[in-house]
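K.L.:
Work the whole structure out from these sequences, hints included.
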Amino acid sequence: MSGEDAAWEIRFSNTRKRPYFYNSDTQQSCWEVPPALTDADLTQLPGAQHLSYSSSSGGTAESDAASSSNNNNKIRASHLLIKHSGSRRPSSWREKEITRSKQDAIEILKQHQKLLKDAVDLRDTFAKLASTESDCSSARDGGDLGVFGRNQMQKPFEDAAFALKVDELSDIVSTDSGVHLILRTA
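Adding 2 to a residue's 1-based position in the sequence shown gives its number in the numbering used here.
Heads up, none of these hints are tricks.
Lysine-lysine pairs mimicking DSSO-like chemistry, simulated, CA-CA at most 27 Å apart: (1) Lys130 <-> Lys98; (2) Lys112 <-> Lys130; (3) Lys19 <-> Lys157; (4) Lys76 <-> Lys130; (5) Lys157 <-> Lys116; (6) Lys157 <-> Lys76; (7) Lys116 <-> Lys167; (8) Lys157 <-> Lys119; (9) Lys112 <-> Lys98; (10) Lys130 <-> Lys116; (11) Lys167 <-> Lys157; (12) Lys167 <-> Lys112; (13) Lys119 <-> Lys76; (14) Lys119 <-> Lys167; (15) Lys104 <-> Lys116; (16) Lys19 <-> Lys167; (17) Lys104 <-> Lys119; (18) Lys76 <-> Lys167; (19) Lys104 <-> Lys130.
Ranges between beta-carbon positions, derived for each pair: (20) Arg13 <-> Val168: 27 to 33 Å; (21) Lys119 <-> Ala188: 20 to 26 Å; (22) Pro36 <-> Ala121: 28 to 34 Å; (23) Ala188 <-> Ala9: 27 to 33 Å; (24) Glu99 <-> Asp169: 34 to 40 Å; (25) Ser87 <-> Ser139: 18 to 24 Å; (26) Ala38 <-> Ser87: 40 to 46 Å; (27) Gln154 <-> Leu124: 21 to 27 Å; (28) Ser31 <-> Glu109: 32 to 38 Å; (29) Lys167 <-> Gln29: 33 to 39 Å; (30) Lys112 <-> Gln29: 32 to 38 Å; (31) Asp169 <-> Asn25: 29 to 35 Å.
To be clear, the hints were calculated from the coordinates, so they are not data collected in a lab.
All figures in this text were calculated on a predicted structure; none of them were measured in a lab.
Glycine included, C-beta positions come from ideal geometry on N, C-alpha and C.
P.N.:
Structure, rendered in structure tokens:
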């Protein structure tokens, strides 16, 4: 492992109930295994015990994430969240205090939905739109939520995401967090 790679460690997200990779030098975090790391490197990283969830399948975090698209127990999705005054936390990286009504949030999403339905490259357009318009911190990742399983998201979100086919866009979904458009990516 090179000196630059030695700064990586594995942490566990209590919110997402899954491990992620954190570089203490650059303060970068990511869900996927950093490309410079080998399987041997992974076992040497601080926090490697968090990867034990994949040992039962005999794979690494990377292969586990890749294989999850082959079954319906885990999926990968991106979303675009618009919060409103009734959201459980009516603030975001975009706005300190969100005062719009739920109906106004829905109208905003309807405009985004129209744009996405006409998109030539749905994934790319969705990621660009989510990165500037979503009230979720996943905006910095183009709305990507990574791989998740059942009982990890709010029920209406989970039900809508799991009902989608890969590369299918949901209708507007309402949760305690706000209103969402969901794009299933794997």
